[in-house]
Amino acid sequence: MIEIKDIYKTFGDNEVLKGISATFQTGKNNLIIGGSGSGKTTLLKCIVGLHEPTKGQVFFEDENFTEMDFTDRVPIRTQIGMLFQNSALFDSMTVEENIMFPLNLFTQQSKAEKQDRANFCLERVNLKDKNKLYPAELSGGMKKRVGIARAISMQPKFLFVDEPNSGLDPKTSILIDDLINDLTAEYNMTTVIVTHDMNSVMGIGDHIIFLHQGQKWWEGSNKDIAHTDNQELNDFVFASKFMQAAKEKL
Amino acid sequence: MFQSLGKYIILLGLSFKKPEKFKVYWAEVMREMVSVGVGSLGIISIISVFIGAATTIQVAFQLSSPLVPRSIAGSISRDSNILEFSPTISSLVLAGRVGSNFASNIGTMRVTEQIDALEIMGVNAPGYLIAPKILASITMVPLLVVISIALGITGGYIACLVTGSITPADYLMGVHDGFDGLTIRVALVKAFVFGFLIASICSYQGFYTTGGALEVGQSATRGVVFSCVWILFADLMITSLML
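Chains as they are written, first to last, in my numbering: chain A, 24 to 273; chain B, 8 to 250.
Extracted from the complex, chain B is given alone in its bound form:
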């Protein structure tokens, strides 16, 4: 385990060495940003709307006491979305979509000697392949989480309109009441850390792939599993430190 941690840290160090030509690396960062950001927008939108809607219905169902104001369902739904569902569930989904893509992409390049070709040319392969993925993830995952929060709250509103579990007016009142900006900061810190974990862990797994197609698949699976575990661990740590 300590050997793997050492290799991971060394690989990260190599990834952020001075690039041979900034322009070429910047183009790669842009390409990865489009892939991570635009490419994941569809799935993030769908899960955010549905989770937001389901959360609102469930909270409204549980708060059936006449002593509790109905608008409280909006507040709970909002904070659940901001603090947990949008950053954590979105990142777990992104670990599957983006992380597996990173690991299999780099792993395939390893087993087909494309990484050797880069090194022969004198290119710092970790810098060219991994740094753009990490930069793209730590910028795009927070952006996706912000979009996810907005869509989650919208999903809750749609659920109110469609099911009538609480009135849309009560829901909106709850969403506005007692809003604390700290929750957004916590969500963004989580998204930044999760983005880093997804990109770095999956790239590490891909970079040290040996063998053939079977091992590329195994690397992708390991990358997703390890990133999910580390996301959940980091979630707990950030939540306990910041709240």
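So here's chain A without its partners, still in its complex pose:
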């Protein structure tokens, strides 16, 4: 479980996050949604420690992550997997080396064990036999899947995903969503996903928080979203004609 309490983040005079509190439950897909500039990615970066909140605290299973220094955070960080918007694979390494990288640094496993783990992770994301390819040789969807394989290589307790569907075709997007959903259940992870993809929201949104102008505007599940009277959320979720038609059928 991850708990965030009263998170504020300011860049210069620009207050991006204005007192956000939420609890992300274990074994669930927790979605952070909102329009461009609403503070979704900033909130995610505050949670994982890439940005320090101006005010507020983040707790990973009751441990105050915000109060810790870099060294104290390492044991928690080794339990975190993250998939970045552009996958953030290391260009100079092969697919296999990318996946083995955290294992090389933080485990005492033999080379064979690490290779077995890398192969297992690659099979899990349906990318068997791609071990020796470099990131530049992969398609966008394949990069995302390698990113997921790297994120789960250490069997994390917490998975963070930033815009998993950006730049992907609808079919691949669904495949990535299903994969994240399955892995969340399989590893019983606390998964936090930043997205503005409505298919993801409706498909895997166990728990959703909607950000608007840096504030938490709405909280619920994908089952609640069609029946909300929150005007800003309705404007955001049902902006397209397709979604409007879908809402009428619900």
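If you're looking for bench data, these hints aren't it; they were derived computationally from the structure.
Glycine included, C-beta positions come from ideal geometry on N, C-alpha and C.
Certain hints may be false.
What the hints assert, rightly or not - If we take Cβ atoms under 7 Å as the criterion, some of the chain B residues that face chain A in the derived model are: (1) Glu-27; (2) Lys-28; (3) Ala-124; (4) Ile-127.
Starting from the known structure of chain A, arrange chain B on it as the hints suggest.
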């Protein structure tokens, strides 16, 4: 300026924190050594031979008086190569070749979130990315300078053979006469300092890149320009302190 200096010093401090796993870092140091050393050998060899040859011809041309022994051209050419051309010109060229590579490599990793990925994993990113580059530079640049000195003097010899501006025998006599080991020590100190400046300044510029591809290019340019200026300043300081 003081803010940048502070950030630079803090970044250097972070770079030399205890590594998570020495073996992984050592592999990175070796990889960078190959990249800096072997990768730069070609360009350093070419410029050293040509500068050595040109220097010898020019010195021979200027010392045309019958009162000055012809062999003195060999001595002047040797000391010019050891004290100035090999350490300084080679380092300026290395700032362009190696430094721009460091800055653009780290800058690209920054803008494509690869550095964020390292930090999320709990890796000390400055230590993993910058320390191996600095260690590789402070070991490989002196080695390249030694090779450059040898090739510069050889270039002078080839110039004597080809142009006949002075005889090869006079040149070799001049190279041997009055050799002072201090000049080699000065060259090595310069190479060590220049190697450190190239790697640290360019890595700093890359590490704090923000934006996209355009800014990566700007960081690389800034890295090369600042390292060149600091190399020339350090050259003056070391020369005045040691000679």
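The hints, checked one at a time:
Look at Glu-27/B: its Cβ gets to within about 5 Å of chain A, closer than 7 Å, so that hint holds up. The interface hint given for Lys-28/B is met, as the beta carbon of that residue sits about 5 Å from the closest beta carbon of chain A, less than 7 Å. Taken as an interface hint, Ala-124/B checks out: its beta carbon lies about 4 Å from the nearest beta carbon of chain A, inside 7 Å. Against a cut-off of 7 Å between C-beta atoms, the interface hint on Ile-127/B holds, since the closest Cβ of chain A lies about 5 Å away.
The structure is consistent with each of the numbered hints, conforming to all of them.
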